Every structure is written in C-alpha cells, then in structure tokens.
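Q: Going down the list, the sequences are from chains B and D. Per UniProt numbering, the very first residue in the first sequence carries number 1; after that it's consecutive. Per UniProt numbering, the very first residue in the second sequence carries number 1; after that it's consecutive.
Because the hints were derived from the structure by calculation, they are not lab data. Just so we're clear, the structure is a prediction, and the values are computed from it rather than from any experiment. Treat the hints with care, as some may be off.
Unchecked claim - Pair ranges (Cβ atoms, derived):
hint, chain 1, residue 1, chain 2, residue 2, range
1, D, Phe367, B, Tyr144, 48 to 58 Å
2, B, Thr228, D, Leu263, 42 to 52 Å
3, B, Ile160, D, Thr395, 23 to 33 Å
Unchecked claim - The calculated SDA-like cross-link candidates involving lysine to any residue, where the alpha carbons are at most 20 Å apart (straight line), are:
hint, chain 1, residue 1, chain 2, residue 2
4, B, Lys234, D, Gly54
5, B, Lys233, D, Asn396
6, D, Lys550, D, Pro496
7, D, Lys399, B, Asn235
8, B, Lys234, D, Arg18
9, D, Lys323, D, Glu338
Just so it is clear, CB atoms sit at the ideal spot from N, CA and C, and this is done for glycine as well.
Listed below are the residues making up each chain.
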Amino acid sequence: MPSLPPRPPKLGNPRGAPRASPARARAWAVPAGRGGVSPGGPAPSAASHWLRGGAAFPRARRGGMAGERAVGLVRELQRAAGGHLPPFRAEELRQALEEMRALYERNQADVSEAKSGRTDLIFLIRFRHCCLLRNQRCIVAYLYDRLLRIRALRWEYGSILPNAIQFHMSAEEVEWFNRYKKSLATYMRSVGGEEGLDLTQDIKPPKSLYIEVRCLRDYGEFEIEDGTTVLLKKNSQVLITRACSPNPFLFFSFPFTPMMCPRPGVQPCLIWHPWISGKNLSVFPRSTFCPAGNASS
Amino acid sequence: MFVSDCRRDFYERIVSQRVLLLVASDVDALCACKILQALFQCDHVQYTLVPVSGWQELETAFLEHKDQFKYFVLINCGANVDLLEILQPEEDTFFFVCDSHRPINVVNVYNETQIKLLVKPDDDLDVPAYDDIFRDEDEEEEESEAESDGSEPSDKRRRFEEEVIERTMKRRQRREWEARRREILFDYEQYEYHGTSSAMVMFDLAWIMSKDLNDMLWWAIVGLTDQWVQDKITQMKYVTDIGILQRHVSRHNHRNEDEENSLSIDCMRIAFEYDLRLALYQHWSLYESLCNTSYTSANLKLWSVQGQKRLHEFLADMGLPLKQVKQKFNSMDISLKENLREMIEESASKFGMKDLRVQTFSIHFGFKNKFLASDIVYATASLMESIEKEGPETTNFIKALDSLSRGNLDKLHQGLDLAKKQLRAIQQTVASCICTNLVISQGPFLYCSLMEGTPDVKLFSKPVSLCLLSKYLLKSFVCSTKNKRCKLLPLIMAAPMDVEQGTVIMVGIPPETESSDKKNFFGRAFEKAAESTNSRTLHNHFDMSIIELKTEDRSKFLDALISLLS
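Same shape as in the complex, but just chain D (with noise of 0.2 Å):
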C-alpha cells in the first residue's frame, strides 16, 4: 500500500522502535541510505544496517534478523516482487519499501498491512485497479451453497436446469475474467523502467521534517545523477528532477550572492552547472576525458584512425594546443579553461555533439575539492564493485558508503582513480569489440560476448560495470554501423563471472534510441527463456534484466530467447 504522509506512516512509526535496513548495492541506494542514516541519529532510532546485494542475501539476512526485528526498511531493494511470499513473515511484520524499481507488484500495491511502499504518487504507475486483478472468492462459495439448498422436487428439475446454466455462465464469465487478468499482469509487468531516486524520497522525507541539511541534500543530488549516468531515467524525467533540487539547492545555498554575510571558504556549498558532460574532466585531463567518455567517444568514432583524426582536428577547431589539452586539467593555461564550456559547445555541435553540456550540480568545500556529482557517482560505483583484494576488515560496500562522506576525502580519490582505470577499461573493450565485430545481430537482439582472456575482464564481472559497458558498446556500436535496422536492436552482453564454477553473466538493456523511454522487456523474457530450456540460472538481481547462467547452457538459452522474441 502507498504512503501518502511519509512522516506520519513511515517515520513517527519506527522512530521508537528497532529497525532493520536493508540497502541493495547501488550508488543510489547508498545515498538513500546515508540520509536515512542522518535522520536516524538525530533521532537515536535504534537501527541495523545490512548491505544485500541479491535476493538470496536479501532472504539469509531476513531469516536472521527476523526474530529481533520487527520493522524492516528496504531501499532500492523488494518492490518489483512479491515480498511475502518470498520472505514469508510473521502478521506483526512491517516492511517500509523505498525503491525506485518498477513496475511494483501488485501484492506489494494492495497489500493493507504489511507492506507500505514510500513511493510518490505521482510517478507514472498505472497500476492496474484491484477489482481486475483480484476477486474475493467468497462470492462463488456462497452462491453454490445456496444453489445446493434443498428444494421441492416437483420444481427441483427445473431449477436445476437453471442451475446447470447459470453454473456454467458463472464459468466461462470466469475464464474470461481470468484471461483477461493475465493479460493485463502481462502488459503491466513486461516493461521494467525505474521511477524517482530513492535519495530523493529520503531527502523529501528529511525535508517534510525540516530536518533536512545541505549534506542530505547533496546525497540526493548524487542518487539522481547516478540514475542519469546508468541510464535509468529518461532525459525527461532527469531535468524534472533537477529543477526540483535546484529549488532545494538555491534554498540552503543562497548565502555565496551577498558580499557581506558569505560564507567561509571551508564551508560546503552546492552550486548549479551547466557543465561538460566529460567523465571525471577536471580529475583527469581534458584529452583522457574525451577518449573516455562514450558520448564523445561514439561520436567522434575514437576507435578508429579516421576517428583519432577528428578528435585532433576536433581540439584544434577549439585553439587547443595538444600540449595543454594532454596534462593535467588543474594545471591548463588559466586563459585556456576560462571560456572552456562555451568554446567547446560550439566546436562541438559542429563534429554533430548537440548536448555535450548537461545539467548537473557542484560541490565546494576549502581550496581543492571541488567535485561534479557524476564524479561522485562514478568514484563511488567504482569503490564499490572493485575487485582488488584489499584487507578484509570493510568490503566494497562499506568503503562505498564512508566515501560520501566529506571527511573521508582519501577514500574518494581513492575511488576516483578507480573510477579512471574502469572507464579506461571500458573504452578499450568497446574499442576492441566494434573492430573485431564482436557485436553480432541475432535476430531480435544484438549480441556481444567477452572471451576470458580479454583484459580486465574481471572488472566486469560485475553487475553495474557490465551494464555501463553494455550501453557504452551499444552507443558506440549504434554509431559505428550502415545498418539501419540494427540501431534499433537491444543489445545482450554476456561476460565470464566465475571461471571455476562456470558462470556467465548476462545483461540485456534497451535499445537506444534518441526518446527512449528505458523500458527493459529482458527481465520477463529471460525468465521465460529459462523455464522453457531448464537451463540453470540465477536471478539473484535485484534487476530482473541482469542474470547469471551456466556457460553450458548459454546457447541453448540464447536459442529459446530468439525464438521467444522473434
């Protein structure tokens, strides 16, 4: 069931109990769950906090906690499946669901009591309306139990006529009824796209409190941008969004304007910009940034000779020197950098690049660090699925989480040059693939499959990395090929996860087109497609698109989902 005053139903009810959170591994996720964190220790809520990263850790950690816990919240994390019957919890369990996954399911929507999703009412739903979907089955028991009353005999054969045609009235309406709920669960669970950020729910909450800060603030700015760089959310839906938190932002941040009454250099402030769409350009230098970005990249066709040539062709267009443009940002020309945006705009909608420039925030404390939220965003993912065997006393997910943090600056460079090898990484395999033609049309889908022996292919072994990989290689493969018909194809990605049990990873993401709406049919159709061949696979994903196959039964499975989608 909705929420409709998340304060009053969500919050005033757990803030004197014990709760236990549950937060998937996602950057979005992350920043939900460091708001919530805030507030929680404004208000001394006793809480747990557990990362899961799929469904059977999601289960392991509920079948632990439940005797202790009787409030669960799940962020990013159980709206897209039917959570009691999964978990199977006792009556006085509640769960408090703040996810951005779609479509919900249908028990979770009208589940009265145990199940309350924080989810605002007007992200496009379209639920279906109960009476189609469900039908109280006391109506049918109570209508045969009066037909079977006994009666007369002399008018007991007629009746009983009447009864035998009404049975079977009562049976087909029935059948009918049925099909046409299937269809309808059908069209409403096909699609899977993603509503609004978590983060911006927690800081709407934090802000409903008044107990909102500039830090709770800038994590939702990083849960919003993290959705626009994994390209989750349509364009659209993205610039919606940030003229909400530009509202917010010029409410906390408005001291900078008055001379007289601003603020220390070491405060942090956010600030609005309509930067460079450039990965990590001002951590990096401005040529590495190029070649890296996908953007610039898929354009400018970097991975080939012709493509090298536009690129240089592309920085002399704008007067760059070489030089200038291959050290390090912080140390350009001052007189290079000073128009940099506007100049690179105009040079860049000429090599047919119209939106280098995005809409995006900045964060600003003391001298030196200074940070776009999709630097953030990329340096915590990173953290966060790096595979380097670092001591074991934090994982991934708690160095993650500490790196939002402004006093943990060295855990953010640390991410930051992660963040730099991943996308170096991607940029070479995407360069790879599109020469050796790794990238095969199927049919329905287009189709790419890493080898192991590729460099870095561990990194993406990883669920996030191989989707930013598969959309980077689907860009630059939509803009590398004659073939009309294939820039309208989703693309599959297949990588090797473990080598030792055997294990593919799969990852179908939508075709990309100029106005596409994300909309993700893979989830159902991977389904279908194991069911049919009994091939074994997991999905453990909290993304139904994202899944994990034997390697033996690849083709099979690669076989039925042709057939399926054809």
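In isolation and in its complexed conformation, chain B is listed as follows (with noise of 0.2 Å):
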C-alpha cells in the first residue's frame, strides 16, 4: 500500500475495512445540514450504533457534530468582515470547551481499555483526537483573530474605544488592550526624542500642511507650536498649520478623552471641520472632541 501521509480514518463503512469515498462522506455531510467539512471525516452520528460504550460522541439530532461549535465560532469572524469586531461569544466557546473536556475524558476512558488490549478503540481515540486539535485550532484561532482586531481598533480609534465596542470585548480582552496600549505609549514614548512621537497620527501622508477650522463655539486662545496663538471665537473660520490640530502636547500629559479640555469649567466647543478636500482626515480619529457624541466631517 503506497503510504499515504496518516488520515483521520473514515467511519463510514460498518464493514470494517476503511472505504474513501467521497460520496459517502459528502453524503454524511448533507443531512447535518451544515456547509463545512467536518473535522474527524463523516459523521459518526450512523456509526454510532456499532460503538461500544454507548453513543457517547453527539449527534446529528442531539448536539451536532464534534466541532461544529468551534467552526461556528470562526465563521463569525469570517463573516464580520472589515475590522469589525463581533460580540464575544462567551456561551459557545464555554459549550466547545466542554465538549473538548468531554472528548477528552471519553479518550482517557478509552486509553486505559484500549491498553488492556481492545485495539479496535485507537480508531475511535485517533478520532477524537482529532476532533480536540481541530476543536484547539479554532478556538484558538477565534482568540488570536480577536485579539488582532482589537488592537487595530486603537489605531482606529485611539485610547478609549466607544462604548459599543467595549461592550464586544470580554474582561480579559480588556485587560490585554490596556496592556497593549501602555506598551505602545512606552514605545512611542522612547522614540522621536524628548517628547515622544505619536505613531497613531498621520498614517496617511496628508495632502495638505494646512487645515481649515471652523468654530462652533467660543474656545479662547489657542497656541499653535510654534507659538502664537490664536483666538478663537464662534462662527470664525481659521486656517492653521496641521500640525497643531490632535495637540500631540496633550496626548501624553492629559489622558484623553472626549470631552477633556485644557481649560476646566470650558466646555469643549469645536469641532474641526476639515473641509479643504472634504474627505475624512486622517489626522485624528472620529471620536475626538465631540460633544455630542457624534462624528461629523
């Protein structure tokens, strides 16, 4: 027999004798009504009647097949495309986990008879072994891929993400952006010299070294860097320097937030209105300096 790199073996076949075909298994495949492949081959939710100890592993009609849950996981992912970060699914990572622990301990149960000398379990072992790697890389998977997401979102969104989305992240989600974000301040902080160089701004080389502004309410003077100021009043328009816009002096000396204000007792009163090309700036994120709440641009 040419030695084919080891397969999950195939239970379809009550006979014994392991039979490839792919009929059969795209068959399996079908009723259970859902598009992927399953991990350990077809379903043995048939062959369970022909398994000794009971029909242990979940079926068709009863659970699902072995992974589905981790798959399902996945697809979500896959599904929310562009950065867009879904609710974290507590209640079915905790049932793939647990399936993995019952597949887990059925293989303990099995090892020990299979070593007093049924050897016809190790297919049955080799299987769920099977299912508990697939089941591993997809949680696994779901995990890393979140975590990628989150930390776009800071270069998305800057330090304090909207609440929507922190409502998507679970508890330790949090707690590793927190950290990453400190170790990106600690990093940014090295770089560039005396002050630091904010890497989240200007991502994109900007089209013009000139922003237009237009206030929306009474602000009082603002000091541009190279340190004139400006006065700024309401329903006055003035075009500054780019540079001076997000006010990287603030970004490491006061934590930032949306309504904070050099000023205190000084509500937040502009919002910047860049309107020389129209488009979205990619100075700062959206959520900066909206009283309201909302981004307009």
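Join these two chains into a complex; the hints should help.
A: And the structure:
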C-alpha cells in the first residue's frame, strides 16, 4: 500500500475496512445541514450504533457534529468583515470547551481500555484526538483573530474605545487592550527624542499642510506649535497648520477623553471641519472633540 | 492710499503673514471672501475669518484680535469712515480695505502708511485735492515765531502794525479756506453710492496672479449681480461690468463649442445669457415668478383686480395656457419653453415692459443643476437673513458662505425655498401697502411704516430684506400713483425691529427714475436729524442710510428730517 499521510480514519463503513468514498463522505455531511467539512471525517452519527460504550458522541439530532461550535465561532468572525468586532461569544466558547473536555474524558476512558487489549478502539481514540486538535485550533484562531482586531482598533479609534465596542469585548480582552496601549505608549515615548512621537497620527501622509477650522463655540486662545496664539471665537474660520490640530502635546500629558479640555470649566467647543479636501482627515480619530458623541466631518 | 499694483502691494505683503479677514454681511462681500479664501488656501496664508454685520461688531472684533494680528483685510466695510479714528490702531497695523461703498473717506485716501485701498483707479471717485482739505499746520507756527523775534525799538511800532495787518489777513484767508473746505467736503460726502463690486476686484487680483478659476469667475459674477439686484449700481455700470466679465467667461468656457473636445456634462460651465428678468423662474412656476417679480408686478399693477386681468391677457397674448404656466417650470411643455424668451419679450413690449430681458450669466453642472446668477443671489441673501431658529451650530453667515460652494447643493435649495417665501412676502406686503394707501407723502419724501401685526413683518427686520421691500414698494408706488410730483420723491421705510427693546429700523432709498444715478443722500440727512433732535439712534450698519431708532423718537425724527430736506 502506498504510504499516505496519516488521515483521520473514516468511519462510514460498518464492515470495518475503511473505504474512501467521497460521495459517501459528502452524504454524511449534508443531512447535518451545515456546509463545512467535519473535522474528523463523516459524522459518526450513523456509525454510533456499533460503537461500544454507548453513543457518547454528539449526534446530528442531539448536539451536532464534533467541533461544530468552534467552527461556528470562526465562521462568525469570517463573516464580520472589515475589522468589525462582533460580541464575544462566551457561551459558545464555553460549550466548545465543554465538548473538548467531554472528548478528552472519553478518550481517557478508552485509552485505558485499549491498553488492556481492545485494539479496535484505537481508531476511535485517534478520531477523538483529531477532534480535540481541531477544536483547539479553531478556538485559538478565534481568540487570536479577535485580539488582532482589537489591536487594529487602537490605531483606528485611539486610547478610548467607544462604549459599543467595549461592550463586545470580554474582560480579558479589555485587559489585553490596556496592556497593549501601555506598551505602545512606552514605545512611542521612547522614539523621537524628547516628547516622543505619536505614531497613530498621520498614518497616511497628509495632502496639505494646513487645515481650515470652523469654530462652533467660543474657545478662547489656542496656542499653535510655533508659539503664536489664535483666538477662536464662535463662527470664525481659521486656517492653521495641521501640526497643531490634535494637540500632540496633550496626548501625553492628559488622558485623552472626548470631554477633555485644557481649561477647566470650559465646555469642549470645537468641531474640526476639514473641508479643503472634504474627505476624511486621517489626522485624528473620529471620536475626538465630539461633545455629543457624533462625529461629523 | 490707493494700491496701484494689487499683487505687489497687497498680496505679496500678506502672503507670509497671518491675516484677519473682516467680512460684511452682504452677498457681494461673501463672494469676495470666497475668492480670497481660495487664494489663501492656495498659498497657505494663515487667516482667520470673522463675519461682521455692523460697526460695533467690527470694533469688537478688532479689539479682540489686535494683539495677534498686524494685517487686517476689510471686505465691503470701512471705506466710508475714518478708520484710524474709530479703531485707534497701533502704528504697525495695516488695513487693506476692499469696499464698494463710496464716497471713500478722505482720511483713508490720504493716509500714506496704514490704510491701503484696493479700489480700481478708474472708478469715478472725484476725491478732492489734498491741498483743498488739509493744511500743514507748521507754516503758521513758523511765521508766528518769526514774528515774535525781538527787534529794535525804533522800527518796532511800524513792524508791529504791519504784523497786525498780516495776521488779520492770514486769519481771514484761513477762515475762507476753512469755509471752502467745509463746502467741498459736504459736496463730496453728501451722496452715498456704490462702486465696483468687491468680488470683481478680488477676481481681478486672482487674474493678475494667473490663479483665477472658473469657480472664482462665477463668484465674481454673483457679486456683480448682487449689486444689480439690490439696485446699487446704475444700468450703465452694470452693462460695462458684464462686458468685462464676458471676456473672462469666454476665456474660461470656450471648450464647449468644439464638438470633439467638449467637456463632460459634470464639469462646471458658465454661459452668457440674455435671459428673462423674472426672479427664480426656472425653479418656480412661470406664473408665480411673474407675480412676484417687482418689474412685472409693478408694471402690470398686480395688486388690483385690473392688474390680474392684465396678467391673464398677457399670458393669453403669448398663447400660454394657464394650467401650463401654473405648474413647475421644469414640467412645462417643451414646445412652450422653446421660444419662451422671445415670445415673452414681444408680448411684454406691448404691455409696456420693454426691459424684460437682461444680460446675465448662468452656471451649469451635471444634468439637473442650472442656475442663473440672480437665483444664487436671492438664495444666498435669504439664507443670510433667515430668521428661522436653526440649530446654534452654524450661523446664517456661515450657511450662506457654504451655499456658494458647488458641493453644498442642499443648502442652495434651502436658500431657494427661503427666497421664494421672501419674495412672496414682499409682494403681499407691497400689495397691501398700496391698497391701503400706507405710503404717504411727507413733502420732500414719501414715508411708509409697517405695523407690528403685519404678516411676515419679522422678515423685514433685517436690513437687506427691508431695502428690497422698499425698492419694490417704490417701483410699484410710482406705477400706481397719478401724482406727477410724487413719482420723483425718495422713500423712507420703517419697520419694527425688536419689539422688546422698542426699536425700529429705518431705511432711506433714492427716487426711482429712468436714469437715476443711485446716489443716496439719506445717510447724512439721518445723521443731522438725529443730532438735532437728540434721538436715540444707532448708525450701526455699513450703509449709512440704514439706521435703528427708538420707536418713541420716531415722530420728532421725521419732523426734523422734513424740515431739513424741504
């Protein structure tokens, strides 16, 4: 027999000899109603009647195929395109882990039996092991992909995430996010000389050196980088250098909140309207300086 | 002092500086501001734009910003008063004034250092000569010092007599000179009028620098049309300026004629039109437009039943069915729209309206968007003076400024709706004033006062709307009255401005004649009358002929005016 790479044993044939028949394999997959490939080969639901030890596997009618929930998690992430973070499926994760635990326990039981002579259980054990590995792979991929998305959120939204997104994160993810923020801040402080360099600004090179700002409320005096002060009054428009706009000097000294204002007691009063190009200004994230929480650009 | 080379003496000086732009609240100023903003953005001039609607706001803005700016550009404000006296600036502050108000104050003209006027030299200015109005003070002191030098006692008495004679002669000459000076100044400052539109001056600057665009040209056109709509310039001047702009239009927009190289339909193009004078007719129905344009409404006398019949006759003469004419212009039958202009012109001349067509320009971008310059003027003006309580975020000035950009079509359409409301309100008010004989002759002028309960009276608490109303009223009155003498009188119009504070806004407009030179003497007249009666007036507006007055002082103010002007 040619040496093939070890494949998970197919359990479709009650006569014992594994017969690779794709049509049959697919036939098993279809009644389950889910389109993915089942991890350990065709569903053992039909074959469970000849398994010793009872039908311990989840069957199509009872609980679905092995690894189904884990794959479901991955599929959900795949559907949420564009970096969107769907809610954290703690319940499904718990069920998947529960499934893994169940598989493991059964494997443990069968291993001891197999050691005492029942060699026909080895296939089953291998199958369950593959399911376990498959589950592990899916769950780890799920968690890792979520972390990558959360990391991208830091670059898009800044240090403070909108409440809607925070709601979707689990406690551990929030913890991870905070630690990532801290490490990013430490790095940015260490780069670029004295004040540090804010890498999250100007991710794309800006098209113009100056932006036009429309003041919607009285702000008072505002100091630009080169020392000149600009008086910002209601309904005036000012053309100033882009460098001063998101206040890099404020980034490190104050916690960056949308309600922040360097002068206590004065309500935030600017909505920066970039309309030279009219398009979004990749200068600073959208939730900046928005008193009502609505970004308008 | 007049700036001869706009680019060198104005633009190059401010291009590396931070500039404060103070812009008045009228459409011409808005257009000039847009052109200048575009130039500044091109060259990265750091500027701050502050809208001002009157002298008080100008002073406040100046006081707030004077520590941070050394260069100020004033658009459509500041030429007709002594700026240095009002603002008291430091020695190193410079003002660049681009204003269409005339006459320019003599101090502004002859100040060499701080005030630069961006005015075309060929505007008919008639500024009095320097020696006629300013006199060096040093001459006199030197002579008096030389006279008081000691000399020998023997010749002293004779010299003393000669000195006395010389001194009295000099004093007499001085008095004569001063009397002549007062007369010259009085003649010079007596009449107010308007010169070239600021938007055109700015466009000229852009053209000299070869930075002019089609967009800027359109703003210049709108600025000029605003002057015409508000009746600020004579017909001659309007036609001359149209000619100047026509050259620029053909330079920028010649690519359409060539079939092979024509532009896409989405590109903006300007075209010269000899179009109907009916306000907003392409965005309204023809019937409404005929009813609400002052020219047709006054000539057909549409406030009376006779007038309505004449209107129907007019439409019948042209062969336009009423049903077609009353629906939206865009939905009218194409066969009717084809020769509309020529048909209307023919029929109109039969009814006594010879000037129904006027030279103007239209802008065209995309399939749906075609606007005449006057449409934009009406829309922007009504946006700027809208009394609707919008959100506190942006004021009317900013909204109006935005609506001039082609990307903000929704604001423009909002402005068009407001303009329709405004025009309807004006026509209804005019009709009611004439029917109830509210326009009374006071001797040297006509007077009309709007009562508080009049519908839409809040619309007329704003200066530009009130001016528009008064001009329409005067035109209609001239057509309605049989009294030959009354036809040549100017009009003063009063409307309640703020009910709580009890103020009234008063506007004076020159008489309506065929070839009027649009010169308005009410500015000085109002000032003098206010002085003589100690009335509590506020001459806040940049146009001197618009004032605010306390309601209680109104009657004595008017009496003083009557005695002044008769």
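Q: All hints are to be evaluated individually against the structure, with a verdict given for each.
A: How the hints compare with the structure:
1. Roughly 51 Å separates the CB atoms of Phe367 of chain D and Tyr144 of chain B, a value that falls within the hinted 48 to 58 Å.
2. At roughly 43 Å, the beta-carbon separation of Thr228 of chain B and Leu263 of chain D lies within the given 42 to 52 Å, and the hint holds.
3. Range check, Ile160 of chain B to Thr395 of chain D: Cβ separation about 32 Å, and the 23 to 33 Å hint holds.
4. With a C-alpha separation of about 17 Å, the suggested pairing of Lys234 of chain B with Gly54 of chain D holds against the 20 Å cut-off.
5. With a CA separation close to 16 Å, the supplied pair Lys233 of chain B and Asn396 of chain D stays within the 20 Å bound.
6. A C-alpha spacing of about 10 Å is found between Lys550 of chain D and Pro496 of chain D, which places the hinted pair at or below 20 Å, so the restraint holds.
7. The straight-line distance between the Cα atoms of Lys399 of chain D and Asn235 of chain B is roughly 10 Å, inside the 20 Å bound, and the hint therefore holds.
8. With a CA separation close to 19 Å, the supplied pair Lys234 of chain B and Arg18 of chain D stays within the 20 Å bound.
9. Distance restraint check for Lys323 of chain D and Glu338 of chain D: the Cα-Cα separation of roughly 17 Å lies within the 20 Å cut-off, and the hinted pair is therefore satisfied.
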